[in-house]
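Trainee: Next come the chains, spelled out residue by residue.
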Amino acid sequence: MTNHQPCDEKQLTLYHYNELDLETRQQIEKHLKSCAACRTTLEQIKASLATVPKIECDLDSASRLRFTEQVMARTDSRRRIGKPVWGGALAAAGALALVLTLMPNFQQQPLEIPNPALTELELLEQLELLQDLDILQDLELLGELEDLG
Amino acid sequence: MTSVDTALTNRYALPMQPAAEKVLLEQARNGHETAFAQLVEAHSEKTIQLAWRLVGNRSEAEEISQEAFLRLFKSLVTFRGDSRIGTWLYRTVSRLAIDHLRRERLKRKLFFFRDGESEQSDPIDLAADPSASPHDQLQARETAEQMQRLLNRLPARQKAVFVLRHIEELPLKEIAAMLNLSEGTVKSHLHRAVSLFRKEFSEAKEKVS
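Protein chains in written order, with our numbering: chain C, 391 to 539; chain G, 72 to 280.
It is possible that some hints are incorrect.
[Stated by the list, open to error] Straight-line distance between alpha carbons at most 16 Å, and here's what the computed EDC-like set of lysine to aspartate or glutamate pairs gives:
#: 1; chain 1: G; residue 1: K145; chain 2: G; residue 2: D170
#: 2; chain 1: G; residue 1: K145; chain 2: C; residue 2: E433
#: 3; chain 1: C; residue 1: K400; chain 2: G; residue 2: E254
#: 4; chain 1: C; residue 1: K436; chain 2: C; residue 2: D466
#: 5; chain 1: C; residue 1: K436; chain 2: G; residue 2: E104
#: 6; chain 1: G; residue 1: K244; chain 2: C; residue 2: E459
#: 7; chain 1: G; residue 1: K270; chain 2: G; residue 2: E254
#: 8; chain 1: C; residue 1: K420; chain 2: C; residue 2: D398
#: 9; chain 1: G; residue 1: K276; chain 2: C; residue 2: E399
#: 10; chain 1: C; residue 1: K444; chain 2: G; residue 2: E254
#: 11; chain 1: G; residue 1: K276; chain 2: G; residue 2: E216
#: 12; chain 1: G; residue 1: K244; chain 2: C; residue 2: E433
#: 13; chain 1: C; residue 1: K444; chain 2: G; residue 2: E240
#: 14; chain 1: C; residue 1: K436; chain 2: C; residue 2: E399
#: 15; chain 1: G; residue 1: K93; chain 2: G; residue 2: D153
#: 16; chain 1: G; residue 1: K270; chain 2: C; residue 2: E399
#: 17; chain 1: C; residue 1: K423; chain 2: C; residue 2: D398
[Said to hold, decoys possible] Label-pair restraints from in silico Cβ distances:
#: 18; chain 1: C; residue 1: R429; chain 2: G; residue 2: R212; range: 25 to 35 Å
#: 19; chain 1: G; residue 1: E97; chain 2: C; residue 2: K400; range: 21 to 31 Å
#: 20; chain 1: C; residue 1: R464; chain 2: G; residue 2: V279; range: 45 to 55 Å
#: 21; chain 1: G; residue 1: K178; chain 2: C; residue 2: A437; range: 29 to 39 Å
#: 22; chain 1: G; residue 1: L181; chain 2: C; residue 2: D466; range: 32 to 42 Å
#: 23; chain 1: C; residue 1: R429; chain 2: G; residue 2: V148; range: 27 to 37 Å
#: 24; chain 1: C; residue 1: A452; chain 2: G; residue 2: T105; range: 29 to 39 Å
#: 25; chain 1: G; residue 1: K278; chain 2: C; residue 2: E446; range: 49 to 59 Å
#: 26; chain 1: G; residue 1: S204; chain 2: C; residue 2: A437; range: 15 to 25 Å
#: 27; chain 1: C; residue 1: E413; chain 2: G; residue 2: G102; range: 47 to 57 Å
#: 28; chain 1: C; residue 1: K420; chain 2: G; residue 2: L181; range: 16 to 26 Å
#: 29; chain 1: C; residue 1: K400; chain 2: G; residue 2: N101; range: 45 to 55 Å
#: 30; chain 1: G; residue 1: K145; chain 2: C; residue 2: K423; range: 50 to 60 Å
Just so you know, these hints were derived from the structure itself, not from any lab. Yeah, the Cβ is synthetic: ideal placement off N, Cα and C, and Gly gets one too.
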């Protein structure tokens, strides 16, 4: 933003946060001296941001200890889960081999057709697995477009 | 020490000296559980606070923080120590929080839930100026609640950028690196968020006057 360019709110935001290089910053300061509208906008930015609440988390030592114990319990359980999974897999493989040996005429049964109607709960559980799906980004983009009107 | 580390070091009293952290990290790598527990305890407050500011809910913040520490635990062997643990946790918590916010928003969209208008029940620092009149105090509290609701409605990334810049006071360059975004994108997210706050604030003032 210079004296010859239209007023730019984005530049004022970056000016407020001290995120501009020195030259641009000086240009804005010069512009502000002559532009009442930009001065008002900057004041509004400052005043509105001053009202944004700030969460302060003061964990006492007991809470820190409880949290640490919860994390450590989960690291323990992950380790415990890890071992039987291999043991279980080996046992299952052994059992399958035994069944196939003892039943030479074993015929494959038709697979059970799963119920196509997922309950809402199951759908939610599947959503929990979504980590960084493009559709989520698209929805966010749509949300932003909505915000812009 | 990376530039992100420098930014964090400049702004916070770090919970642990780098040398002590390195020793504990090495011990944790060698299977000493108490060393890892010490690291968790030292970093828990900052980590929960960041997650709380990002998702706006204490219990969800603790859940996200626990997940971040579990990921650190799983990565101990490969954690090279190029960055400080605090930096690593900040990055991981920010990304987990963004994913969490997106999932929550998607759930609401799918099941037509209201968009978190009244779910903020955690204690927030909304204290008004005690020297102001009761009327002004009430007005300040209402404005702060309105701003909190707006913050909760921001798209996940926009909210993360705003919280990391405005509340955590990290430079945009570091935020871009943490969230794996371009600096231009981060600037746009910040501008959009600030613009919404300014409009909301102006409308609130007009209503009062």
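Trainee: Below or equal to 16 Å on CA atoms is what counts here, so check G/K145 against G/D170.
Mentor: 20 Å, violated
Trainee: For G/K244 and C/E433, compute the direct alpha-carbon distance and say whether it is at most 16 Å.
Mentor: 25 Å, violated
Trainee: Can the restraint linking C/K444 and G/E254 be considered satisfied, given a maximum Cα separation of 16 Å?
Mentor: Roughly 25 Å separates the two Cα atoms, so the pair is violated.
Trainee: I want to verify a distance hint. Is the separation of the beta carbons of G/L181 and C/D466 within 32 to 42 Å?
Mentor: 35 Å, holds
Trainee: Can the suggested window of 29 to 39 Å be confirmed for the beta-carbon pair G/K178 and C/A437?
Mentor: Holds: the Cβ-Cβ distance is about 35 Å, inside 29 to 39 Å.
Trainee: Under the criterion that the straight-line Cα-Cα distance not exceed 16 Å, is the pair G/K145, C/E433 satisfied?
Mentor: 48 Å, violated
Trainee: Look at the Cβ atoms of C/K420 and G/L181 and judge whether their distance stays inside 16 to 26 Å.
Mentor: Violated, at about 51 Å.
Trainee: Check the hint pairing G/K270 with G/E254 against an upper bound of 16 Å on the C-alpha distance.
Mentor: 24 Å, violated
Trainee: Lying within 50 to 60 Å: is that true of the beta-carbon distance G/K145 to C/K423?
Mentor: 56 Å, holds
Trainee: For the pair we were handed, C/K436 and G/E104, check the Cα-Cα distance against 16 Å.
Mentor: 47 Å, violated
Trainee: For the range 21 to 31 Å, tell me whether the beta carbons of G/E97 and C/K400 fit it or not.
Mentor: 46 Å, violated
Trainee: Could one say that the CB atoms of C/K400 and G/N101 fall in the range 45 to 55 Å?
Mentor: 50 Å, holds
Violated hints for the displayed structure, listed by number in ascending order: 1, 2, 4, 5, 6, 7, 9, 10, 12, 19, 23, 24, 25 and 28.
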